[in-house]
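J.: Sequence:
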Amino acid sequence: MSATRQRTLGGGGHHVLEYLRRMQAENPSFFYAIQGDNDHTGGSIFWADATSRMKYTYFGDTVIFDTTYRKNRHRVPFASFTGLNHHGQPVLFGCALILNESESSFAWLFQTWLRAMSDRCPISITTDPDRLIQMAFTQILPETRLRFNRWSIFKETQEKLAHIYQSHPTFETEFKKCINETGTINEFESSWVLLLERYFLMDNEWLQSMYNARQQWVPVYMRDTFFGELSITEGNGGLNSFFEGFVNASTTIQMLVKQYEKAIASWHEKEVRADYDTTNTSPVLKTPSPMEKQAANLYTRRIFMKFQEELVETLANPATKIEDSGSITTYRVAKFGEDHKAHTVSFTSFEMKASCSCQMFENSGIICRHILAVFKAKNVLTLPSQYVLKRWTRNAKSGAVLEERASELTNNSRESLTVRYNSLRQEAIKYVEEGAKSIHIYNVAMDALQEALKKVAAAKNQSPTAAEDGALSNGGNQELLASGDSETVACQSAVSFSYFRTFSSLLMSP
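Quick note: to get my numbering, add 1 to the position in the sequence shown (first position is 1).
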């Protein structure tokens with residue numbers, strides 16, 4: 002869909018705007034903007050809460066812009082910017098209601114989103130193929146790599162070539178193999194030509210247009226850019242994983258705010274549990290390698306499992322030296338019996354750097370089995386620091402980024418709900434880790450926690466306005482807090498309650 006299209010929200014639009022104003026009144030770091038006029042009759046709406054803006058500083062290297070509503074005929078024109086956290090889980094970077102589907106409207110949206118994210122451009126963005134989005138993207142984010150979602154292209158190809166899919170059942174398998182499994186550009190090019198000749202599709206306009214855009218969706222052309230994919234199938238799915246199960250074609254504008262809050266609370270609870278599992282359980286090591294033990298202590302659990310898979314595969318992928326120029330040594334790495342799928346690794350001993358023709362590290366941020374095989378041959382026992390991407394580690398949300406972002410979002414970090422929340426959250430995880438080490442320490446930790454809860458309750462009773470500190474610096478909107486319904490105010494507390502509930506259950510679990 003590329004034609005300009007105008008939508009309206011009806012009376013429900015005021016419900017959304019009232020919610021956004023309340024959220025900003027409670028926390029000045031909550032960002033929202035309306036395109037054009039302030040009565041939302043013709044312009045799109047964008048918003049990002051303080052947590053989304055904070056998380057972008059950690060995980061904003063690759064972004065997904067989801068406009069599923071356009072193809073699935075949703076009642077609400079709801080779009081989202083999402084990414085991947087250090088567990089590979091979806092994380093939210095902002096949402097929009099797109100009322101005017103034009104190039105200028107998408108350009109406004111990208112510009113506004115970028116402003117909310119402190120003008121920090123991502124390395125890459127993935128979205129559905131669309132001419133208007135592409136034109137706006139090129140205008141606002143010229144340095145960011147744009148990728149079209151393969152799942153959408155596969156789906157549309159099936160619709161455009163329905164007669165071929167019906168008369169030739171093998172076409173779909175061969176088509177996807179040509180896209181997903183070719184290892185080099187030359188291999189893809191020859192495979193593509195053979196596929197079109199085999200099924201007499203050399204003059205098909207749809208396939209020709211997709212071939213012309215190949216550098217924006219065929220994996221072999223995009224492996225030099227970071228997209229954070231942990232498997233080949235991940236770039237082959239839908240884009241709306243964050244709101245899947247929460248927002249769908251039947252969701253009304255009146256339901257949207259509640260479903261939005263539910264999705265945030267659900268994914269936050271999953272992240273907290275993944276943090277806990279990473280910190281408090283130990284993975285089974287499969288080799289005596291010091292590198293494996295090092296990785297187990299550095300990475301989150303899911304990322305370690307991916308690294309471990311690559312490390313174990315080095316046993317079946319020996320490295321053979323094929324050239325040595327003194328400063329650079331070149332190796333050929335192939336699985337036993339699969340010499341035709343060999344990869345080339347260049348290794349510089351002095352700098353402890355290696356590059357592989359598969360480009361897995363560049364694409365996913367996780368080192369490949371081929372480089373690991375060369376490290377093994379060169380007796381490199383631990384991972385060089387340049388091959389440990391912080392965004393995949395258990396400490397991804399710690400360090401200078403938090404402090405820098407805190408100063409950006411508010412002049413006084415003590416008045417920022419998000420900064421206070423994240424600080425308490427990190428300390429709570431440490432508390433659980435120490436408190437679960439023995440029965441005696443557990444009992445002490447539980448007693449101290451109960452006592453702390455009493456003190457917090459007492460402090461709230463003594464100073465009932467303390468919980469509203471975030472609203473005080475937005476005086477013009479304070480009346481909205483009093484005039485709003487209790488359901489929306491309760492939604493604002495959903496994430497905090499979700500974390501407290503999960504934290505308490507983890508501490509009390511054996």
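These are computed hints drawn from the structure, not numbers from a lab. Be a bit skeptical, because a hint or two may be false.
To be verified - With a straight-line cut-off of 25 Å between C-alpha atoms, the simulated DMTMM-like cross-links for lysine to aspartate or glutamate are:
1. Lys294 to Glu310
2. Lys161 to Glu173
3. Lys307 to Glu262
4. Lys354 to Glu230
5. Lys354 to Asp225
J.: The structure should be examined with respect to each hint, and the outcome stated for every one.
T.: Checked hints:
1. Lys294 to Glu310: holds (14 Å)
2. Lys161 to Glu173: holds (13 Å)
3. Lys307 to Glu262: violated (31 Å)
4. Lys354 to Glu230: Between Lys354 and Glu230 the Cα gap is close to 22 Å, so the pair holds against 25 Å.
5. Lys354 to Asp225: holds (16 Å)
Figure legend: structure checked against the earlier numbered hints; the only hint not met is number 3.
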